[in-house]
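S.K.: Once you've looked at the hints, dock chain L against the given chain C.
Number of protein chains: 2
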Amino acid sequence: MSTVINFQTDPSKYRHWRVEYDGQVANLFMDVDENAGLFDGYQLKLNSYDLGVDIELSDIVQRMRFEHPEVKVVVMQSGNDKVFCAGANIRMLGGATHTHKVNFCKFTNETRNTYEAAEADSSQKYICAVRGACAGGGYELALACNYIMLTNDSNSSVALPEVPLLAVLPGTGGLTRVTDKRKVRRDRADIFCSIEEGVKGQRAKDWRLVDEVVANSKFDEAVQERAREFADASSKASGLTGIELTPLNRTFGKDGSVSYTAVEVEIDRASSRATITISGPDGDAPADMEAMQVMGADAYMLRVARELDDAIMHLRLNETELALLVFRTQGDAALVQAHEALLLDNQDHWLANEVLKFWKRVLKRVDMTSRTLIALVEHGSCFSGVFAELLWAADRSYMMEDEFEGDNRPMAAVTLSASNFGPMPMGNDLTRLETRFLGEPDAVAKAKACIGEALEAEAADELGLVTMILDDIDWEDEIRVFFEERASFSPDALTGMEANLRFAGPETMETRIFGRLTAWQNWIFQRPNAVGEKGALQRYGSGVRGEYNMERV
Amino acid sequence: MSTVINFQTDPSKYRHWRVEYDGQVANLFMDVDENAGLFDGYQLKLNSYDLGVDIELSDIVQRMRFEHPEVKVVVMQSGNDKVFCAGANIRMLGGATHTHKVNFCKFTNETRNTYEAAEADSSQKYICAVRGACAGGGYELALACNYIMLTNDSNSSVALPEVPLLAVLPGTGGLTRVTDKRKVRRDRADIFCSIEEGVKGQRAKDWRLVDEVVANSKFDEAVQERAREFADASSKASGLTGIELTPLNRTFGKDGSVSYTAVEVEIDRASSRATITISGPDGDAPADMEAMQVMGADAYMLRVARELDDAIMHLRLNETELALLVFRTQGDAALVQAHEALLLDNQDHWLANEVLKFWKRVLKRVDMTSRTLIALVEHGSCFSGVFAELLWAADRSYMMEDEFEGDNRPMAAVTLSASNFGPMPMGNDLTRLETRFLGEPDAVAKAKACIGEALEAEAADELGLVTMILDDIDWEDEIRVFFEERASFSPDALTGMEANLRFAGPETMETRIFGRLTAWQNWIFQRPNAVGEKGALQRYGSGVRGEYNMERV
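Protein chains in written order, with this note's numbering: chain C, 642 to 1194; chain L, 642 to 1194.
Isolated chain C (complex conformation) (with noise of 0.2 Å):
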């Protein structure tokens, strides 16, 4: 698996979904090419999916949101007449490293989360249609959705067969949906995952697994009766056009650097790192949000999001052996404030709305992801409002503190804006600022009373905005230092560290996905029971069971 994984797609590339729009309805069709799989060695039949059939979908999320933001439900459904979806494919699963499985269940898991909060947050409402064998990831697809209509024949059923079938759990959030979001009573959840074959009809309805249970020969009416009525119901403005997500200017760079227009990705190999630099605003503010609509794709929030987005992504599937981001910015702070005050102002303004709603996924993405991150504040650095975020995001920050020796560069400075006080949260559903003063709650207030204060080195440490803030003297020795040791601690214990260190305080669904059952599903996916020789996952499909060892742990 020494692909480089590319997460940039577009309709005309699409081998596995296909989207039929109908004004202020869009039915989505899974129906997955067999034998265009991301890797070589399986074949995603049945509908299974790999990373590459997620990929898609999560294109599909976005563009929707951008592209037709006159869509108000979408019916997601099977291409296949016999099945719905198999689920992750088992073959590509059993053939997967570890790092590997666990990096596509983090990606499968945002994609659900980006289209299950597309009705709060977009008024995209999802219904999942069922028709068919709706097992595992299959059923998983269908939880993430806002309404599961269920049709009623002997071929359909909903099911989560993996602890049974493949000694693993229902990963991807199904496990956590099914207690949490379908409040599934616990023993006949217990009953639901324990057999393979899943659960029918009405009984589906009355343990809360659907929504909606319809004779077979009235499914399709049914389905398209709801669409529209819950399209009909929806308070979003109709008839809104959208803008087109042209293909991100990308380069690779021999080194593996990237660079974006706005964005350069640029990496020290020997250091395992990777310096992650955004650039300021090139330009004045579009006037309003009309003459945004018009830049598009190319307005400057939506690029640096969509270019960070896909860094991200490329840094945690292509580049597993770095250990340390480093976030930098460099550019004027008055204009990020300025291209950023146009979005806060007009939070009415669809486009306004998915340009901060994606700001808030991105920033999400980045705290989920498993590499110890670090922020730079220097001279000339422009971290204002959105960008500041990154701040609280990172496991710790550095600024620079009075003048460098030769260095004329603005002095470094943390500007806060509205920004850093609601639109932004974390998955635990708190802004970063405040977890980041559980243990000071009266912290936040005070940050929120220097909103658009140029903050410097010391300010900006007094407020607690910083981890530490360095002279001429300390900083080039104080960062190589960390770096450097840094990068020599264990990767795991790194990443089970961070994970309980950068979410403080309550939990919710999302978060007890990726904290609870993601670090079981990861231990799970090490034990012999499961990925052994003799394990279920190696042996699925050869007519022989899993040979385990049977001591509980």
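Honestly, the hints are just simulated from the structure, not real lab data. Remember, it's a predicted structure, so these values are computed and weren't measured experimentally. Mixed in with the good hints there might be a few duds.
Same chains, same names: a pair is fine if it fits in one copy or spans any two.
No more than 27 Å apart at the CA atoms, straight line, and that leaves these computed lysine-lysine pairs for DSS-like [as the list claims (entries may be wrong)]:
no., residue 1, residue 2
1, K1087, K846
2, K822, K1087
3, K686, K723
4, K1089, K824
5, K824, K1087
6, K822, K1089
7, K895, K1175
8, K1087, K723
9, K723, K841
M.R.: Chain L only, in chain C's frame:
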């Protein structure tokens, strides 16, 4: 590690701890005998601990509550001049099986939770007085105390050096208590958990790692003064007289069976199953709490709790290959209700309070037991009040419906009491019924309206109190098939599934420790970077650092 581990001990047998009782204050000294490890192959140097050390601590905490209700403040301190506690013994961990490591951590976590809760539950406040190095599991001992004092000398520090030193997590609640209880700012927590030498003096206070820093010359005096202050401020009644926790009456049978006075454990090894049968009371409830206090440890409700607790711990650590634990009861339900009612009606009596709080802990231990738990509600059973909690601690319950041929025991019935609606919360701070009915909260009120009624199968099923009711024709086959199927599943997948399904809804610090933190630690305990031949745990003390595969997942 094939010795049978005995969880029963008493002060005459202690090797590692001693307590000096001084009226309202108890001084608890950790002074580990390095030659008295539970297993061969390591020495417990520097006040490091193994399971044997923790079994003594658990015994002390329990006896403090029952034998010494006069104590209002406990001062945990070291009996060693140089070191407070170096944490879990690394050579022990390096040599232990995965199963033992996981169960060791679970037991130590339960013990930490028990003394942490002693302030709220029993008005016994724990002060930790730290002199000398307090590292890793040592600081985790401190973190679970209610108040941490640190002496200000050059040798004394608090530290969580696991990540840099051992490539594992501070997994006995350390990371979670740092973020959730101490509410340490996340970037400071990151620094703290990355430095082997820890944090000393005023910085430890500034970073919220301890509550008070005192000059070394005044430390002992300040600690005793604080203890007196806390004791004087306590609302607990003074001068209470305890009862003695006499040795359990316990007999091991040849086939692995264990007999207590009111609890029987039978083992069917071929079916991977243990059956735990609780017998109802053999006599009337004591007339009042004075009478119960005279009976002491012989009083039924306390006796059963102690026996059940010991049985669970024994099965967890000494019978690791059993897949299923089946809970049965047999006896006079009305008598159970009478014995329980004495406690519920006298919650302001210290002993009634302690017995109820003990039941809360025992039931939590059942919740945390990673085996499939089944309750069988047979004719002649007495699942009343607190015993009924076992039905919802279990993953599934089966109940006999109608008469069974040749069975003339009283008809199977479940009776609810006030115990089911508040005093026995799970770790998530909800009652088991609230957790069960997350999706239909009205069901809790409906059940509450039936307190005191003997609910036979149909009524219990209607109220959703049991998983399945079965008549004479189906009972045996249905249960046999389930037992066989369940015992054939991968134990790891079941552990992960149960850990997710049992703890639906909200998370608390406690569930986050057993969920997020423990799951990540268990994952790390499987990773070669920690436990492999060249891993940090194996190489610890050899002078050679661990060699790591640097891939991040």
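S.K.: Indicate, hint by hint, whether the structure satisfies it.
M.R.: For each hint, the structure was consulted:
Proximity of K1087 and K846 under a CA criterion of 27 Å is satisfied inter-copy only: 22 Å between copies versus 50 Å inside one chain copy. Only between protomers do K822 and K1087 lie at most 27 Å apart by alpha-carbon distance; the minimum there is 23 Å, versus 36 Å within a single protomer. In this assembly of identical chains, K686 and K723 lie within 27 Å of each other by CA distance solely inside one copy; the values are 12 Å within and 65 Å between copies. Proximity of K1089 and K824 under a CA criterion of 27 Å is satisfied inter-copy only: 20 Å between copies versus 38 Å inside one chain copy.
Taking CA atoms no more than 27 Å apart as the test, K824 paired with K1087 passes between copies only; the shortest distance there is 18 Å, against 39 Å inside one copy. Taking the shortest alpha-carbon separations for K822 and K1089, only the inter-copy value of 25 Å comes in at or below 27 Å, while the best intra-copy value is 34 Å. In this homomeric assembly, K895 and K1175 never come within 27 Å of each other (Cα to Cα): the closest approach is 41 Å inside a single copy and 34 Å across copies. For a Cα distance limit of 27 Å, the shortest separation of K1087 from K723 qualifies neither inside one copy, at 60 Å, nor across copies, at 43 Å.
With identical chains, the CA atoms of K723 and K841 are at most 27 Å apart within one copy only, with a shortest distance of 15 Å there and 66 Å across copies.
Comparing the model with each earlier hint shows violations of hints 7, 8; every other hint is respected.
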